[in-house]
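**Q** Below are the chains, spelled out letter by letter.
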Amino acid sequence: MEVLRIATSGSVDDGKSTLIGRLLYDTNSIPQDKMEALHAASKRKGLDFTDLSLLTDGLVAEREQGITIDVAHIYFSTPTRKYIIADTPGHIEYTRNMVTGASNAQVSLILIDARRGIVEQTHRHFFIANLLRIPYLVVCVNKMDLVDYSEARFNQIVEDFQQMLANAGYKGQEVKFIPISSLYGENVATRTGAINWYNGSTLLEYLEQVSFDHEDRNHPARFPIQSVIRPRTTEYHDFRGFAGKVASGHFNVGDEVVSLPSGQKSRIKTIEQFEKQLTVAHARESVVITLEGEIDSSRGNMLVKTDELPAQLKEISANICWMDQLPLTSGKTYLLQHGVNRVKAKVQQINYVTDVTNHTQVADKTSMGLNDIGRISLKTAAPVFADPYKNNPANGAFILIDEYNNTTVAVGFIE
Amino acid sequence: MTNQINWEFPQALEDEAIYILRETVAQFEKPVLLFSGGKDSITLVRLAQKAFYPGKIPFPLLHVDTGHNFPETIAFRDWLVNTLGLDIIVRNVQDSIDQGKVQEETGKYASRNALQTVTLLDAIEEGKFDACIGGARRDEEKARAKERIFSVRDEFGQWNAKMQRPELFDILNGKINIGENVRVFPISNWTELDVWNYIVREKLEIPTIYFSHEREIIERDGLYWPYSEYLNTTADEVPFRQKVRFRTVGDMTCTAAVLSEADKLEDIIAEIMEAKISERGARIDDKRSEAAMEKRKQAGYF
Numbered sequence: 001m002e003v004l005r006i007a008t009s010g011s012v013d014d015g016k017s018t019l020i021g022r023l024l025y026d027t028n029s030i031p032q033d034k035m036e037a038l039h040a041a042s043k044r045k046g047l048d049f050t051d052l053s054l055l056t057d058g059l060v061a062e063r064e065q066g067i068t069i070d071v072a073h074i075y076f077s078t079p080t081r082k083y084i085i086a087d088t089p090g091h092i093e094y095t096r097n098m099v100t101g102a103s104n105a106q107v108s109l110i111l112i113d114a115r116r117g118i119v120e121q122t123h124r125h126f127f128i129a130n131l132l133r134i135p136y137l138v139v140c141v142n143k144m145d146l147v148d149y150s151e152a153r154f155n156q157i158v159e160d161f162q163q164m165l166a167n168a169g170y171k172g173q174e175v176k177f178i179p180i181s182s183l184y185g186e187n188v189a190t191r192t193g194a195i196n197w198y199n200g201s202t203l204l205e206y207l208e209q210v211s212f213d214h215e216d217r218n219h220p221a222r223f224p225i226q227s228v229i230r231p232r233t234t235e236y237h238d239f240r241g242f243a244g245k246v247a248s249g250h251f252n253v254g255d256e257v258v259s260l261p262s263g264q265k266s267r268i269k270t271i272e273q274f275e276k277q278l279t280v281a282h283a284r285e286s287v288v289i290t291l292e293g294e295i296d297s298s299r300g301n302m303l304v305k306t307d308e309l310p311a312q313l314k315e316i317s318a319n320i321c322w323m324d325q326l327p328l329t330s331g332k333t334y335l336l337q338h339g340v341n342r343v344k345a346k347v348q349q350i351n352y353v354t355d356v357t358n359h360t361q362v363a364d365k366t367s368m369g370l371n372d373i374g375r376i377s378l379k380t381a382a383p384v385f386a387d388p389y390k391n392n393p394a395n396g397a398f399i400l401i402d403e404y405n406n407t408t409v410a411v412g413f414i415e
Numbered sequence: 001m002t003n004q005i006n007w008e009f010p011q012a013l014e015d016e017a018i019y020i021l022r023e024t025v026a027q028f029e030k031p032v033l034l035f036s037g038g039k040d041s042i043t044l045v046r047l048a049q050k051a052f053y054p055g056k057i058p059f060p061l062l063h064v065d066t067g068h069n070f071p072e073t074i075a076f077r078d079w080l081v082n083t084l085g086l087d088i089i090v091r092n093v094q095d096s097i098d099q100g101k102v103q104e105e106t107g108k109y110a111s112r113n114a115l116q117t118v119t120l121l122d123a124i125e126e127g128k129f130d131a132c133i134g135g136a137r138r139d140e141e142k143a144r145a146k147e148r149i150f151s152v153r154d155e156f157g158q159w160n161a162k163m164q165r166p167e168l169f170d171i172l173n174g175k176i177n178i179g180e181n182v183r184v185f186p187i188s189n190w191t192e193l194d195v196w197n198y199i200v201r202e203k204l205e206i207p208t209i210y211f212s213h214e215r216e217i218i219e220r221d222g223l224y225w226p227y228s229e230y231l232n233t234t235a236d237e238v239p240f241r242q243k244v245r246f247r248t249v250g251d252m253t254c255t256a257a258v259l260s261e262a263d264k265l266e267d268i269i270a271e272i273m274e275a276k277i278s279e280r281g282a283r284i285d286d287k288r289s290e291a292a293m294e295k296r297k298q299a300g301y302f
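From first to last, the protein sequence lines are chains A and B. Those letters in the first sequence? Residues 1 to 415, per the UniProt record's numbering, in order. Those letters in the second sequence? Residues 1 to 302, per the UniProt record's numbering, in order.
Bound conformation, chain A alone:
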């Protein structure tokens, strides 16, 4: 059984919450007591319909304002797979939460109000999905009922969207357009017959057949060491294992590996998963690796295969999304966390800030504000063993931490 992670985004008015509610409702995922609570809450708000958005807007402040502030995680399942929806806010001031929600997604679901077409938030959402290189993009043109289920209107929006695609840097994703009406359930999980000119799959049918992205298994093998396990008990007196989660690629027993940064070589003696001995460990699996000889390795170091060495970076060029109230300042030093490894990093230069609505770059900036996306150069105190994000996302992203208040202030994608 696998888990498909989807990120949705949109504004209050485009019916995102209704869409999610519809998906849950049509897959029998809303328990009776939650449905009753929704009826009651809608009534209290003076609404004459059941507001499904109250299901996902879990905070008092969100329900008061009728907007999504932070990511909500919604779980549902069908007989074939398990789904996690990260319902993210679309407002510009919560872009950082949108990135948080989308960072683990395999499918990005973009909602467009058929009456309004592409709006600023569509650009923002698309830009972020692109930056993250999310492999599947589903564009749901919603509220088709309000444009008389017009095929021409749908085609116009598809055409506009394709123009946006043409300008984008990342073109590897699969894009699917679906005309829907969440209110009436058309093309969400079922067909009501209102749209007869569309013969493609419904949203749920599409999600059910999306193939799982195991691309990371084919990337170079990277094993960031989280900790060293040394029980020092009578039974395991000499046991010395490296605990971690395979970031990408795979490791086999017998593989020759190098520990970075020391450069010492060894061979994999065992790969263990609790009491089980494995012969191979794939990307995303948490295991313990023991080596043939004694080598000097500890938390923050990385095991790689001798013929797949990553770049050794002391100067990093990266796209970042700034996530803090305090602006990014050129010349300031932050903590850079790449996987489980932290090094000091100084901002050398802000190359440009991108206007996400038209992809233009504004140069000569000395600072970046909350929710700005742009390109910077960093210099690190020790080498970082990374891959370009576009080649190996699992080993190509990092966060910046403000050393004074310990907050996560940025996410970066290595060029």
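No lab work stands behind these hints: they were computed from the structure. Beta carbons are placed, not taken as given, at the ideal position from N, Cα and C, and that holds for glycine. Some clues are possibly wrong.
[To be verified] Rough simulated footprint, nothing fancy, chain A against chain B, three-plus residues with beta-carbon under 8 Å:
1. 44 to 52
2. 104 to 113
3. 138 to 145
4. 167 to 177
Add chain B to chain A, keeping to what the hints say.
**A** Using the frame of chain A, we list chain B on its own:
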């Protein structure tokens, strides 16, 4: 959903939880596992056992005993701790009451659920714990659906929902300021069904109250309340015997039973798949108001 589905446990969830537990131990000085005796914290203990094997679990358990626990839960707790050779710290809500820090609620809805937050925060301060690992899941409740994996709490244990740290990919930032602590939720992405399937897969023991048994109950507000000396009842609330089980384990004063014949794990799973009521639908503590959970989290509840 029907019970014909052969629902297997997604292995990715275990890998993710183990990674989170290892990050917790590496990034914090004094982690502790908040143990309630319920299925979610039992699952956490299993995950911790796996994460550090063949080493021992490198942190103690902390149980805040309200004094109103099901005796079966306490017996199970002691059995588990002995069998696995774990360290456990037990702190009692009764002590907080005796110290005058909290006051017992009165009336027929009196419960110690809200009181335990004070005992918990005192225990965290006393033990200088900087990371408290909890078994909360995002599918349980709408405020929990919003919470990060590493959730920063201030000196008063408060959760600031509107200013949560961004959490990107699987990169966890456990750096905190003095006085702050972090609540860690390794099974955030698990659902109730995932936990049950994990219990089956791992052949884990759980307290007997999860299985169908005969018990004295009363009916109140459409729910079946376990009858005990801790429950304040009115004259017309007459206890009767019925076959029930508990879907979630809290105090005897705030956990309602469900009528059930399910006495095997497979039957429990089939029952949950067909259930029309959510898991926390039987939690009386959640029913106090629409934002009951968010309010308690702001106050330091996990």
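**Q** Failing hints, ascending?
**A** 2
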